[in-house]
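Given chain Z, put chains W, G and X in place with the hints provided.
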Amino acid sequence: MSNTQPLLEVRNLRVEFPTRRGTLVALDDVSFEIQPGEVLGVVGESGAGKSMTGAAIIGLLEPPGRIAGGQILLNGRRIDNLPYKEMRTVRGREIGAIFQDPLTTLNPLYTVGRQLVETMTTHLPIGPGEARKKAIEWLELVGIPAAAQRIDSYPHEFSGGMRQRVVIALALCAEPKLIVADEPTTALDVSIQAQVIALLKTLAREKGTSMMLVTHDMGVIAETADRVAVMYAGRIAEIGAVRQVVKHPSHPYTIGLMGSIPPITHRLERMQQIEGSMPRLSAIPRGCAYNPRCPQVFARCREERPELTPAGETRASCWLYDAESEQQVLRAGAHA
Amino acid sequence: MPAFIISRVLQALPVMLAVALISFAMFAYVGDPVAIMLGQDYTQAQRDALIRDLGLDQPFFVQFGTFLLNAVQGEFGLSYRLSRPVIELIAERAPATLELALTAAFLALLVGVPMGIYTGLYRNSWLSRFFLTFSLIGVSLPTFLIGILLILCFSVWLGWLPSFGRGDTVQLGWWSTGFLTASGLKALILPSITLGLFQMTLIMRLVRAEMLEVLRTDYIKFARARGLTNRAVNFGHALKNTLVPVITITGLQLGAIIAFAIVTETVFQWPGMGLLFIQSVGAADIPVMAAYLILIAALFVTINLIVDLLYFAVDPRLRVGGAKGH
Amino acid sequence: MRRLGLAAAAALLALGIGAADARTVRWSASGDPNTMDPHSQNLGTVTMVLQQIYDPLIHRNADLTLRPGLALSWTQVEPNRWRFVLRQGVKFHEGEDFTADDVVFSITRALQPTSNYGIFVDSVDRAEKVDDFTVDVITKRPDPILPNKFASVYIMSKSWSERHNATRPQNTRQREEMHTVRATNGTGAFRLASREPDVRTVLRRNDAWFGWNEPGQTPGNVTEIVYRPIGSDATRIAALLSGEVDFVLDPPLQDLTRLRNAGNIRVLEGPEVRTIFLAMDVNRDELLYSDVRGRNPLKDLRVRQALYHAIDIQAIHRTTMRGQSIVTGTFFPPQVNGYTEAEDVRLPYDPARARALLAEAGFPNGFGVTLDCPNNRYINDEQICQAIAAMWTRVGVRTSVKAQPLGPFFAQIQRDDTSIYLLGWGVPTLDALYSFQSLLATRNGAQGDGIWNYGRYSNPRMDALVERMKTQSGEARMEAIREALRIYREDVPHIPLHHQMIPWAMRNNITIPHAANNQPYFRWMVVN
Amino acid sequence: MNAVARFFDSDLWWSFTRNPITVISAIVAAICIGGAVLAPWIAPHNPFDLASLQLLDAFKPPAWSPEGDPNYLLGTDDQGRDVLSAIMYGARVSLLVGFLAVVMSVVLGVSAGLAAGYLGGTVDAVLMRIADIKLTFPTILIALLIDGVTRAALPRDVHDQIALYVVIFAIGFSNWPSFARTVRGSTMVERNKEYVQAARVIGLGRGRIMVTHVLPNVLGPVLVIATLQLGFAILAEATLSFLGVGVPPTQPSLGTLIRIGNDFLFSGEWWITIFPGIALIVLVLSVNLLGDWLRDALNPKLR
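Line by line, the protein sequences are chains Z, W, G and X. For the record, in the first sequence the residue sitting at position 291 is 291 according to full-length UniProt numbering, with numbers rising by one throughout. For the record, in the second sequence the residue sitting at position 79 is 79 according to full-length UniProt numbering, with numbers rising by one throughout. For the record, in the third sequence the residue sitting at position 494 is 494 according to full-length UniProt numbering, with numbers rising by one throughout. For the record, in the fourth sequence the residue sitting at position 67 is 67 according to full-length UniProt numbering, with numbers rising by one throughout.
Bound-form chain Z, shown alone (with noise of 0.2 Å):
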């Protein structure tokens, strides 16, 4: 734990989306900090929650989609319950956001010129003609080769990968503090994931800014990120530093993950080595949500929910750890 202040401090949050079913719980008791420099991988198999904390944070849940309980903090103000207008001022000057496919991230009716033009004059007190120099600056930044001459060109008339570099430009662009990155490489070609990871982390270190990297990709998480949580039907299975949850998991679902880290590139679909697949967010089971497909599963389990507890180097939400659960599993004999 570190002393300073975090920059953003998730507490609880919880996203219900109320369907003629009852209410789904999307998100639930999911909690976490970001220091200020620091990258925060986020992992899970789809579905696991991971791109609508990210949502959540931007303030950008998707209707019906909505905030139940719990508090984000950026700075130590709350911004979860900003009015829409405060919020569209924190959004793009203080956190910037990057989505996952640069092919339907840009307007295609408009030069990507005009869309950083766009940004920076809406959240910097700078004119137009700045904003252009600016512009042809953030361009050249992100790698665009011939930047001035490129700026007023449409997006289509980019190919993938130089595209998402324009949206990393767009992302910082106004220069926030956080940049939520939702799979910012997987829908682009294997051989330019690498550079436009190795690009976002040098922007970031250069800049100074925070990262939440939300990914399926571990290699990635390996590659880039300080510390990594790992999602599971809502929840935070585990959090931690890389390092330790890489060599050291705790939980059983991170451990299911981690069995054989391949070299980087390798994705987590094809290392699935677990059985079973993750529950319907309608169908989430009693106790701990992974109890069905959990090897090491007891009693307590199928009855009660985990909280997030120290495990070892890392913090993880399973029985496991509990020092009470420890004395039945023990008497129950199946922690051999």
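Under 7 Å between C-beta atoms, here's a sample of chain Z residues computed to sit facing chain W:
| hint | residue |
| --- | --- |
| 1 | N107 |
| 2 | T119 |
| 3 | Y154 |
With a straight-line Cα cutoff of 27 Å, these simulated DSS-like cross-link-like pairs (lysine-lysine) come out:
| hint | chain 1 | residue 1 | chain 2 | residue 2 |
| --- | --- | --- | --- | --- |
| 4 | Z | K207 | W | K221 |
| 5 | W | K240 | Z | K134 |
| 6 | W | K240 | Z | K85 |
| 7 | Z | K85 | Z | K177 |
| 8 | Z | K177 | Z | K133 |
| 9 | W | K221 | Z | K201 |
| 10 | Z | K133 | Z | K207 |
| 11 | Z | K134 | W | K221 |
| 12 | Z | K133 | W | K240 |
| 13 | Z | K177 | W | K221 |
| 14 | W | K221 | Z | K133 |
For the record, the hints were derived by calculation from the structure and aren't laboratory data. Every residue gets a Cβ at the ideal spot worked out from N, C-alpha and C, and that includes glycine.
Leaving out everything else, chains W, G and X in the frame of chain Z:
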């Protein structure tokens, strides 16, 4: 750009040829023009002479070729019913229909687009629900009933607006316009509302659907994530993207408006091409019908071309596609 | 706007300028003339406009009696020769002097095969100029009613027609458009000021017209006539009610009550010289449109009588015609010379008798037949047919109505392609011959004989009587007409229904004499 | 769970019961359609039985007005026909035309769409070009044209006999491209999915793959378009009949009734035109409301 236009024009040619063929077939084979022209009493010699006069003894393609050649020069012969050159009749009536159609289209766009944007942006406000209900009723009301009800209300009961005709017109060259006189403008109100209402609701629903579609896209989310103002997101980014399909449909709708003008013109006795067409149908006046068809087709093709060009102006993807040819 | 206009008019009055200088009447009917050529189309919609512009040699008063027109007098100087003495000092609208040459030219023009006015000159051999203001018309046979016919032959200017290459009536065959289709040059009370077909036709008063100060009828004060056709009944009535139109020639019957109750509208009722009847195919051995094979039930007098008995004409009169009809047992109205009240007797409405007659004729279960009917020619024509179909069906004659617009309807029946059809017959000559000759004479190729006899009724006695009507005059002729009427009643070649009434509707400030030929004589219209 | 139970458990049924306007419009549509289909059995009179028509009963106002006749709930027309019965029989014709026209559009459009989407290449290019051309011309004009040509080309009696089918064809023919487009799009997506590829691998014929695998997946959008098109088709028929070129007068549709009644609009006999007009609007409105709801309900993006 010129390549694009040329390819579009080339694509339009078969359409025009097909329409011309239908018109010609109508002209040559439907309802025996010889019998119509000769009347009751005639000798075989008179009949043969007329067949020769009309060139009906020529091979099919020669006849069709002559027909096309004449059509290109605007020569469609004399109306059976009015014994006047068809092209002249149509030229007299075209301004009335075009002014009506343009006013109606303008009205439909002016009201329909904002209503569509509003209902797209504020899906759940009571005003949106009201607009939506209104639009459903609008789509469900047949044009002729709207016309009749408007006449009943505003002409007969209230006596505010004329129930028929164009009012006074001013001649500008060969174009007669009702835009320049008070009575002409007054006469335009009810028919253009009647004609425009259906299109207005259609456009409103279309804009709404497109708006919803666009608002769900990543680039709109990204624009919001960049912290742009609502105004910039909704009216800059979303609206411009919405406009692309709206332009197409609106273009097509303008064609529909001109066709639906037939109904409106019948109800309001509006002296346009539609009324001429219906009167010609009633009198089996084939030359007028054939010419109307060809001219309408030409009009539609032109509208389509304009729509394509507008597309070209709005959507940069097409510009590059056209220039680079991929 | 209108208020402004009134204010302006009031101001003019105050200044002592005669407001009578500008009296416009806005007039509407359902159809538009399809030509301005005075010898091309003999249609009511054409003559209602052209008779304002062109004068015939002989005019009619509103009660349809004859009065001098371009001719001051006419006499049958020989059996086959009529002499017309012409009016002097008359000028055409474009300034040409009116002379005998114009009369000879016009009669010759009406005789051309492309003219649709042949029925009015059917007996004419040729016209001869005697001097500048005397014309003789030589007929092929003695024609006592020539003046009646000549009230429909309009006089054009010879030099103007020649100048515009229009010496023959316009004909659709021509590929060149004729000048007379859109331009006029008459001598009449009004001149054509502008015309857009189907939209607007404007006539202006011809102050030089010779008839303004003639005795007989009170001259009118209309200076401008704006005619705008409105095809839709509802729209036309709406236009009258809302004050956009001053005069409607053909208000629908069902709207008369509403118009009368409107307060500012007057309905002028009057009979028309037109009789509505049903004619039957009494010629073929098997009907074209019936389920009876091998014989033609309509050839049996009893069947024709049965159909006659089955019609509840009073119900049609009250409901379908709303009282706007004169029930009749014959086929021309009292205004026509030759009308005989004693022969105007209907077979009574008696469905039981109808069934009995059908059984007697060998159709105890009736039969099926198609009734051909126009749907836009006569007043409530289709509705009449439908009502009759229901009445016939009730006595066993299962009737289906085939109603169509007048174009296809006439095209069909003129091919004799019908079993029973509804027809309305007007008599412009106001003489019985016109009806007998066209409707009942055997079609034999002679001009005018049986040309509208599509049931192919043929009775040698009738033909003989028609020949007598053509040439005889006086009591002998009346005798022939009366006998022919009796045969008509006994033979039942038609089932007569009623004489049409033709109400005109106008704003209260208008007076105009009602004319039974359905021609509005604007020269006698007064606008207050 | 059997099919019925599954239906009542489905999202579709749930969204249906939750929306009062939809329920009302469904009930209204059911009444309209039921009344029309069952007209020969439940209509109080048979307006086509000439023998039962009494001219003396003509122009009777609705039953609730002072001169009304309880025999004729909505009054009678100029021939003494019961307006209510005429509306029921008329709605029958209108619905028949609308329904068959839509069926024709669906068959044409779905076939064309499947062929274009699945076969691709030249077939696709040609079919879609035709659809483009067709979309250029408004329905009403195409229908007028087809009707006008057959009217002029065929003898009157023949035309009268087949007029109903000409109108159905005219309307059906002019509406198919919207189906073709949708189906083509869906087919192209489905074509590349694994199950279709798999079906191909196990050697199922192209036609069978399309019909058994692709078709079920495009039924949802087709159903939505069909419902909305039904409303348009009924309106198109009414418009044609109003212009006097629609169904023959021996089989009057609602449009024909309105045209006839229109003549009595100013004469005080308003019921002759107003009631068929209301019937037409109610019918089309309820069908459109259903179509609207169906579109929203079947379109997960909007939920």
